[in-house]
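**Q** Take the given structure of chain A and dock chain B to it, following the hints.
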Amino acid sequence: MALSLEQVRRIADLARLRLSADEERTFAVQLSAILEHVRQLEELDVTGVPPMTHALAGGEAPELRVDADRPCLSPAEALAAAPAREGTCFKVPRIIE
Amino acid sequence: MPVSDFQVVIGLEVHAQLLTRSKIFCGCSTEFGGEPNSHVCPVCLGLPGVLPWLNQKVVEMAVRTGLALGCRIRDRSVFARKNYFYPDLPKGYQTSQYEAPICEGGEVEVTVGGAERRIRLTRIHMEEDAGKNVHDVSPDGASGVDLNRAGVPLLEIVSEPDLRSIDEAVEYLKTLRAILMYLGVNDGNLQEGSFRCDANVSVMRKGADRYGTRCEIKNMNSFRFLRQAVEYEVRRQVGLVEDGKQVVQETRLFDPDRGETRSMRSKEEAHDYRYFPEPDLPPVLVPPELVARVRAELPELPRARAARYQGDLGLSAYDAALLVSERAVAEFFDAALAAYGSGPEAAKRLANWMNGEVARLANERGEAPSAWKLTPARLAEILRLLDAQTIGGPGAKAVLEEVFATGAEPGEVVRAKGLAQVSDTGAIEAAVDAVLAASAAEVERYRAGNKKLMGFFVGQVMKATKGKGNPAVVNALLKKKLGE
Numbered sequence: 001m002a003l004s005l006e007q008v009r010r011i012a013d014l015a016r017l018r019l020s021a022d023e024e025r026t027f028a029v030q031l032s033a034i035l036e037h038v039r040q041l042e043e044l045d046v047t048g049v050p051p052m053t054h055a056l057a058g059g060e061a062p063e064l065r066v067d068a069d070r071p072c073l074s075p076a077e078a079l080a081a082a083p084a085r086e087g088t089c090f091k092v093p094r095i096i097e
Numbered sequence: 001m002p003v004s005d006f007q008v009v010i011g012l013e014v015h016a017q018l019l020t021r022s023k024i025f026c027g028c029s030t031e032f033g034g035e036p037n038s039h040v041c042p043v044c045l046g047l048p049g050v051l052p053w054l055n056q057k058v059v060e061m062a063v064r065t066g067l068a069l070g071c072r073i074r075d076r077s078v079f080a081r082k083n084y085f086y087p088d089l090p091k092g093y094q095t096s097q098y099e100a101p102i103c104e105g106g107e108v109e110v111t112v113g114g115a116e117r118r119i120r121l122t123r124i125h126m127e128e129d130a131g132k133n134v135h136d137v138s139p140d141g142a143s144g145v146d147l148n149r150a151g152v153p154l155l156e157i158v159s160e161p162d163l164r165s166i167d168e169a170v171e172y173l174k175t176l177r178a179i180l181m182y183l184g185v186n187d188g189n190l191q192e193g194s195f196r197c198d199a200n201v202s203v204m205r206k207g208a209d210r211y212g213t214r215c216e217i218k219n220m221n222s223f224r225f226l227r228q229a230v231e232y233e234v235r236r237q238v239g240l241v242e243d244g245k246q247v248v249q250e251t252r253l254f255d256p257d258r259g260e261t262r263s264m265r266s267k268e269e270a271h272d273y274r275y276f277p278e279p280d281l282p283p284v285l286v287p288p289e290l291v292a293r294v295r296a297e298l299p300e301l302p303r304a305r306a307a308r309y310q311g312d313l314g315l316s317a318y319d320a321a322l323l324v325s326e327r328a329v330a331e332f333f334d335a336a337l338a339a340y341g342s343g344p345e346a347a348k349r350l351a352n353w354m355n356g357e358v359a360r361l362a363n364e365r366g367e368a369p370s371a372w373k374l375t376p377a378r379l380a381e382i383l384r385l386l387d388a389q390t391i392g393g394p395g396a397k398a399v400l401e402e403v404f405a406t407g408a409e410p411g412e413v414v415r416a417k418g419l420a421q422v423s424d425t426g427a428i429e430a431a432v433d434a435v436l437a438a439s440a441a442e443v444e445r446y447r448a449g450n451k452k453l454m455g456f457f458v459g460q461v462m463k464a465t466k467g468k469g470n471p472a473v474v475n476a477l478l479k480k481k482l483g484e
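Chains as they are written, first to last, in my numbering: chain A, 1 to 97; chain B, 1 to 484.
With the rest of the complex left out, here is chain A (with noise of 0.2 Å):
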């Protein structure tokens, strides 16, 4: 199951990744390489098995939060690590709607 290099720019066009032509090529052969690998599971009959999506699928619910709220960071530990900052704001390029 081979990835086409239109596939391949779709995704990192999705993912907001410019690649050049050799990242392309290696990305297709290495993403087919992968693609190939999960494949082996279609040979599996899974007729009558529900599709797991968490290891804890099972029939007990687990424990959910209490609606209670807690303390929160200052805006100042928030932004810590924020590249750029306006007032409290994390600052970005401007954003045309």
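Don't read these hints as lab results, they were simulated from the structure.
Possibly wrong hints are sitting among the right ones.
[What the hints assert, rightly or not] Far from chain B, some chain A residues (derived; all Cβ distances over 12 Å): (1) A2; (2) L3; (3) E23; (4) A33; (5) I34; (6) E43; (7) L73; (8) S74; (9) T88.
[What the hints assert, rightly or not] Straight-line distance between alpha carbons at most 20 Å, and here's what the computed PhoX-like set of lysine-lysine pairs gives: (10) B/K82 <-> B/K132; (11) B/K468 <-> B/K479; (12) B/K466 <-> B/K417; (13) A/K91 <-> B/K91; (14) B/K397 <-> B/K463; (15) A/K91 <-> B/K463.
These numbers were taken from a predicted model, which means no experiment stands behind them.
No residue lacks a Cβ here, since even glycine has one placed at the ideal position from N, Cα and C.
**A** For chain B alone, kept in the frame of chain A given last:
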């Protein structure tokens, strides 16, 4: 070809913010406003190495909403990642539900122009809200991001494309909003964005068997804007079809300043969301006991209440609809009626005051029922004073206004302001004599046959008694003096 040759088809997606204390996956406060980024933590900031933990109240509110709208509740539903990049989305995906939403099916019954319509629901699912982009915060034109709202719990309620007019769409939204507010899951605030809606709109020639291509319209934060946006969009699409052009499926933003919708190209390329099950959250299990408990706790909903008001209390459809439109108002009415009396006459009298003077004062002061200083018991007392003719109509209005403003006892207000009605014949007779003496010309015309002048005399006497004369006594005395 005019617009009337086309059939409008509308489906609505409502996002309703749930009234929880904390966010959906972390313990940060959901309070509106606040300094930017003051209600955030590593979970809702999307920092590496954190795990979401689902708020139990969110599940309960989703089940409550689903049961009230007749949905099937899935005993096992699954969260999924909706992947896209946007500055207000810190994780690069929104945690939502996709293939297995918590509620499926259901319907909203609406009354439009006297006709009953059932609008089918596709699904209701739980998801997290995004943050807020703040524009023009910086002199260099950059934008800011405030993540206080990121992770606030939402229900997305999706209707089938069953709505066939703008009136139906508006009525559906109003009905749904009232139900959510009755259920205590949403505050119904369109301005603050806690109840918002996107509309899928298409047009087709009447009699056609296939829907036209639809556009999704965003950013309508009032019923008026919804109406304007959909009206504009219908004209635009009909215009395209008439010119032999194609409607392009796209997301359009409503611009309230211009009253137009325009293409939102930024959202177009991102429509490939690559959903997959959220590995950080186990499936949501809803045991039958939870469904049974929530069902048992469901409150009486607006339509059932309106039917009771019409059936048991004999109120008009109009009065009933006004009273039930807000749960707190309906509960006030019920409590006031219990304190005042029973039977259709008492109910009608009380409904008139609720929908008239009380509504007017509440509007004027911009106060929600929870802030009213008027209590059900005091409103009942005012009506009793009126029934006993201790005060007249104008007096009752004055007392109500004072009680509404200060919360004082009605009887106390009557005494303090000297509003008690004068039924003492002697005092009124003096006023009648004075009026007749000062209006010789009118008296002559009255006696000559112009009986309409009785209204004039009554008015003059009421004026002389500062509105406190008992109208029955005033009328009787006037007739006697005028020789009838």
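**Q** Each of the hints needs a verdict: does it hold here or not?
**A** Taking the hints in turn, this is what the structure says about them:
1. Under the 12 Å C-beta cut-off, the non-interface status given to A/A2 relative to chain B holds; the minimum distance is some 20 Å.
2. With a least beta-carbon separation of about 15 Å from chain B, A/L3 lies farther than 12 Å from that chain, consistent with its non-interface assignment.
3. With 12 Å as the threshold on Cβ separation, the claim that A/E23 sits away from chain B holds: the shortest Cβ distance comes to roughly 20 Å.
4. Against the 12 Å criterion, A/A33 stays outside the reach of chain B, whose nearest CB is about 20 Å from its own CB.
5. Non-interface status of A/I34 relative to chain B is upheld: no Cβ of that chain comes within 12 Å, the nearest being about 15 Å off.
6. No Cβ of chain B approaches the Cβ of A/E43 within 12 Å, the least distance being about 22 Å, so the stated non-interface status holds.
7. Distance check on A/L73: its Cβ comes as close as 6 Å (rounded) to a Cβ of chain B, failing to clear the 12 Å threshold; non-interface status is violated.
8. Here A/S74 does not stay apart from chain B, with its beta-carbon only about 7 Å from theirs, under the 12 Å limit.
9. A Cβ of chain B approaches the Cβ of A/T88 within 12 Å, the least distance being about 5 Å, so the stated non-interface status is violated.
10. The suggested pairing of B/K82 with B/K132 holds, with an alpha-carbon distance near 18 Å, which does not exceed 20 Å.
11. In summary, the hint linking B/K468 to B/K479 is supported, as the alpha carbons are separated by about 19 Å, within the 20 Å threshold.
12. Among the hinted pairs, B/K466 with B/K417 is consistent with the structure: their alpha-carbon atoms are about 12 Å apart, no more than 20 Å.
13. At roughly 16 Å between alpha-carbon atoms, A/K91 and B/K91 fall within 20 Å of each other, so this suggested pair holds.
14. With a C-alpha separation of about 16 Å, the suggested pairing of B/K397 with B/K463 holds against the 20 Å cut-off.
15. Pair hint A/K91 plus B/K463 does not hold up; C-alpha atoms about 67 Å apart against a cutoff of 20 Å.
Comparing the model with each earlier hint shows violations of hints 7, 8, 9, 15; every other hint is respected.
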